[in-house]
Structure formats: C-alpha cells, structure tokens
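Participant: Use the sequences and the hints to build the structure in full.
If you want the building blocks of each chain, they are given just below.
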Amino acid sequence: MGNMEVNQDTIAHLAKLSDFALTEDESARLEADINGIVNYISQLDELDTTGVEPTYQVFEMENIWREDEILPQEADREALLGLAKEVKDNHIKVPKVL
Amino acid sequence: MKTASKDISAMTLVKEALTKAHQYQEQYHIFNYLNDTEAIRKAAEIDERIKRGENVGRLAGVPYALKDNFLSPEGETTASAHILEGFTSPVTATAVKRVEDEGAIMIGRTNLDAFAHGSSTENSYYGPTKNSKDLERVAGGSSGGSAVAVALGIVPFATGTDTGGSIRQPASFNGVYGLKPTYGTISRYGVVAMASSTDCVGFFTENPEDMDLLMKVTAGQDPNDMTTLPDFYDREEKFDDPIKKIGVIKDFDNEAVSPEIRACLSREIEKLKAAGHEIVELNMPALKYALAAYYIITPAEVASNLSRHDGVRYGFRSENVQTLDELYNNTRNEGFMPENKRRIMIGNFVLSSGFYDAYYLKAAKARTLIIQEYAQAFEKCDLILTPVSPNPAFKLGEKVDNPVAMYLEDMMSVSLNLAGLPGLAIPVGETTNGLSLGLQLVGPRRSDQELINFAKRMRGDHESAEDEHVDLMGGND
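Protein sequence lines, in the order shown, are assigned to chains W and Y.
Residue 10 in this note's numbering sits at position 10 of the first sequence, with consecutive numbering throughout.
Each number in this note's numbering corresponds to the 1-based position in the second sequence with 98 added.
Since the hints were made in silico from the structure, they are not lab data.
Where hints are given, some of them may not hold.
Pairwise CB distance ranges, derived in the manner of DEER restraints [said to hold, decoys possible]:
id, chain 1, residue 1, chain 2, residue 2, range
1, W, L81, Y, N352, 53 to 59 Å
2, W, N39, Y, D351, 24 to 30 Å
3, Y, E124, W, I64, 44 to 50 Å
Positions of the beta carbon are idealized from the N, C-alpha and C atoms, including for glycine.
Facilitator: Spelled out as structure tokens, the structure:
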C-alpha cells in the first residue's frame with residue numbers, strides 16, 4: 001500500500017462517495033493534500049500485526065438493548081419539523097428527486 | 099471556584115464574567131455567541147432561590163463557557179461550521195443538564211475548529227481564537243475558545259471535547275488544567291459527533307479541585323448514551339498511595355519534540371524524584387504508529403457521522419439547487435470547511451473496497467497493539483508523565499495549509515483516545531518568551547480521580563518549593 005497514488009479519478013470517486021460538488025481548484029488541492037496524508041498513514045505498513053485481533057470499541061461492548069417502549073422525548077414532532085427550511089403537511093419539502 | 103451565596107450574588111458573578119467576555123471578545127475571538135439575556139435571567143432566579151433558603155446546588159450561580167458543539171436551546175449550536183448555521187437545538191446535552199441542574203449558568207458558546215477537526219481553532223468558519231499569552235499565536239484546538247475563556251479568567255470552567263487531544267493541547271497552550279476522562283465516563287448525548295469510538299466530554303479549570311467537583315457532578319451512566327460506563331468516579335474507596343511509580347516514555351525523547359518541552363519534562367521529573375517518587379523508563383515502540391492509526395480510524399468514523407448533514411432536516415441549505423442530488427452535494431460542498439472535506443474523503447478512502455483491509459483493518463489491529471502496550475506499561479508504573487504536544491503554541495497561519503504538519507502536533511495525545519485512557523493536562527510554567535508549557539498525566543482506565551489527586555499533590559509540592567525559594571531569596575515583597 002506504500003505506493004498508492006491518489007489521482008484525479010480517485011478524487012472524483014471520493015467526492016461522489018462524500019456528496020461533494022467540488023470545484024476544479026478544490027479537486028487539485030485535495031489531490032495534493034490527500035496524497036500527503038495517505039503517504040503518512042501508509043507507514044502503518046511497517047508494523048507487524050500478524051495474529052493481532054482488531055479493536056473497534058475499547059471496552060469491547062456488545063449490543064446493549066433497551067425495552068421496546070415509547071418514552072417521553074424532549075423534542076416533539078413540531079419542534080423537529082420546525083428545524084427544516086421548508087415543510088408542507090407535516091413533511092419536509094425537497095426539490096424533485098427524478 | 100466561587101459559588102453564589104448570601105455573601106456574593108449569582109448576578110455579581112455572572113455580570114463580572116459577561117463584562118470580561120465582552121471586553122476580551124474583539125481581540126481574542128473566544129465566543130461564537132454570548133448569552134447575556136438568558137444568563138442574567140437565570141442569575142436573578144438563583145439569587146431569588148438563595149433568598150428563599152433553597153439548596154441551589156454545588157455550582158450555584160457559577161458562570162461557565164460551553165464549547166459550541168454541545169446542544170442546548172440557548173443560542174445556535176454551530177460547531178463553528180457553516181452547515182449548522184441557523185440550528186437551534188430543541189434538546190439539551192446530558193453534560194449541560196448535569197452542570198445546570200447544580201446551578202451553573204452558561205454565559206457563552208466558545209469557538210472551535212469546525213466539527214472539532216483541528217489542533218489550532220483556525221479551521222473555524224468564524225475565524226481563529228487567539229492564544230491567551232500571545233495574540234500572534236494559536237489558541238490550540240479544537241477546544242481553543244474554551245481554553246482561552248478559562249485562561250483569561252472570564253469563567254472558572256468551560257466544557258470541551260477531546261477526540262485526539264482537543265482538550266489537553268489547548269489547555270497546555272494556555273496554562274490551564276484540561277481533563278480527557280476515561281472513554282465513556284461522561285455522556286456524549288447531545289454532543290455533535292466526531293468519532294464515536296474516541297470522542298470524550300471533559301473540562302477546563304484553573305485548578306484540580308474544581309476538576310474533581312465537575313467530575314462528581316457529570317460522570318456517570320446515561321440511558322441516552324449506551325457507551326457510558328457504570329458509575330465509578332468517587333464511588334470506589336481505593337487506597338491511593340501518595341508515593342507513585344511514574345513512567346516516562348523513552349520513545350518520545352527525540353528531536354521531533356522541541357528542546358523546551360523536553361527540558362520542561364526533565365525539570366518536572368527531577369522535582370518528582372525529590373518528592374520521593376520513583377521514575378520508571380518505558381519503551382513503547384507501537385506508539386510511533388498511533389498517529390497514523392488515529393488518522394485512519396477517526397476519519398472513517400467522521401465520514402459516517404457527518405453524512406447526516408445534508409441540508410434537508412436542519413441547518414444550512416444551499417440556495418443554488420434544482421434537484422435533490424444538487425441539494426445534497428452543493429449544501430455539503432458550501433457548508434463544510436476544507437479540513438472537514440479532507441477528513442470525510444480520507445474516511446471514505448480507507449473504508450472503500452480494495453483499501454479497507456490495508457488501512458482500516460490494519461489501523462484497528464494497531465489499536466489493539468497500542469492498548470496492549472499501555473496495559474504492559476501500567477504493570478510497571480502507576481501513572482505516566484508525558485508531553486501533550488511536541489511544541490508550545492505555534493504562530494497563526496504557520497501550519498494551517500499543511501495538514502500533515504498540523505496532524506503531527508497530535509502525535510503524543512492521540513494514543514490515549516485510541517486506548518480509552520484518561521489524561522489530565524497540567525500547567526507547568528512558561529517558556530523564556532512567556533508561552534505556556536503543559537504536560538499530561540496518564541493513567542489506566544478509570545483512574546481519573548487518582549490523576550486529579552496526584553495533580554493536587556504536585557501543585558502542593560510546587561507551592562511549598564516556591565515558598566522555600568522566596569525564603570532563600572531573602573524575603574522578596
């Protein structure tokens with residue numbers, strides 16, 4: 001992985017995954033920045049991790065369940081809908097999908 | 099800290115804090131929002147309750163500053179990011195609720211690097227906060243505004259979040275105490291998420307005693323944050339030996355760390371030896387890889403957590419849109435800061451198919467090795483003393499265009515977050531040109547109170563040493 005080269009195709013793909021409408025200038029700048037960062041993080045290559053289990057949560061917690069019941073909430077529907085820019089008939093309005 | 103009573107009113111405390119806040123704001127740019135009206139209303143209410151003889155709580159009338167990534171209905175919660183502009187939260191973070199239930203009064207929301215992405219508070223949509231000791235230098239970050247608010251004496255405490263050093267580094271850049279508790283000690287409910295497996299809520303204070311009080315008030319399990327640990331702070335009566343074995347990490351003693359920081363650590367070690375503590379040298383070779391692992395794991399979590407900001411349900415929405423896709427893409431492109439975009443894209447890179455094993459899985463394994471290395475270290479010592487950052491506060495603009503140089507500032511702070519350990523930044527003097535120097539005390543998980551107690555003792559030892567020094571100097575007045 002040490003020689004992984006991030007080019008404009010990679011940037012376009014990552015922008016799509018990230019939902020960014022990047023400008024050309026931004027894309028050029030990000031290509032340089034992300035190459036620098038990938039180059040830095042690739043030093044992990046040197047570390048021998050043979051037979052080591054990964055850690056995703058430091059206390060190794062498993063799923064914690066709660067009772068399936070409706071509890072009183074701080075914010076009601078009106079307060080939450082009130083945060084959106086446009087609301088119509090209790091729905092949030094967005095531009096056409098297709 | 100001073101609390102309101104029959105002798106001193108909450109109104110006096112709050113007005114004093116607000117006056118200072120307004121006075122310093124223009125020069126230092128500490129706050130994104132000042133809560134004058136609501137703070138004064140609450141102070142009057144507390145004073146009324148004191149007059150009636152009610153118990154108003156352990157933080158009665160104490161003014162405090164809130165990092166602007168904690169949700170509460172007082173002022174917009176912006177996380178210093180354009181994309182949250184206009185968002186006033188209908189819910190209140192658990193940490194906010196707990197300090198306010200004890201009578202604390204929020205006087206303002208403090209500046210940060212947008213979404214807490216940064217080590218200088220320069221990545222804020224609203225502009226940088228200045229260092230409390232030198233206006234040409236950075237406040238540190240990401241909780242820069244909170245650190246400066248305490249350092250300038252505006253408030254006795256401020257909240258912070260620490261994902262990779264965001265409390266400890268600005269604390270040491272400004273000469274105050276900053277605690278990143280054991281992962282899961284204080285609820286993250288109502289805090290703008292950055293990286294869920296390393297995010298911690300903590301505080302800035304002027305002294306370790308106030309830190310202890312704030313931990314007693316806020317630590318503990320919360321049904322709204324399933325990752326909070328069963329209550330442990332101030333619960334277990336443990337024998338806390340005043341004489342400690344203190345670990346020093348040899349791997350950090352190299353030219354990547356500035357001579358001033360290394361000299362500062364050596365001085366503190368000599369003082370600790372003189373006070374009777376034993377120094378243990380530690381070799382921790384995996385720590386060298388902590389920064390690389392951190393800048394894989396946290397961007398991956400950032401990419402997931404920040405995908406919710408799409409301009410649909412709250413905050414900023416781009417005007418310039420015809421379709422739903424344009425709404426998402428333009429809102430996110432206009433609403434995020436360059437550093438937010440870098441981290442989201444790096445996160446999507448390390449998680450994408452073909453790279454997942456080489457980067458994300460590899461980093462998760464490195465994390466295990468780092469956890470093991472600390473566990474072995476704590477078999478040899480009770481706590482570890484290390485620098486927080488390789489340099490004292492740097493100049494504004496010096497690193498902001500070089501992401502890797504900025505990331506390197508976090509090299510000695512991030513391993514604690516990966517391992518879930520508590521770290522307490524303590525102020526230990528100044529450089530020859532007056533910049534603050536700080537070190538951090540690190541302990542095993544759930545040793546938060548021992549760290550605070552040890553910091554109290556270190557301060558006591560220093561104060562008596564200083565008294566002696568004054569005596570030897572022949573009674574300066």
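Participant: It remains to establish, for every hint, whether it holds in the given structure.
Facilitator: Here is how each hint holds up against the structure:
1. Between L81(W) and N352(Y) the beta carbons are some 56 Å apart, a value that agrees with the proposed interval 53 to 59 Å.
2. Roughly 26 Å separates the CB atoms of N39(W) and D351(Y), a value that falls within the hinted 24 to 30 Å.
3. Distance hint check: the CB atoms of E124(Y) and I64(W) are about 47 Å apart, consistent with the given range 44 to 50 Å.
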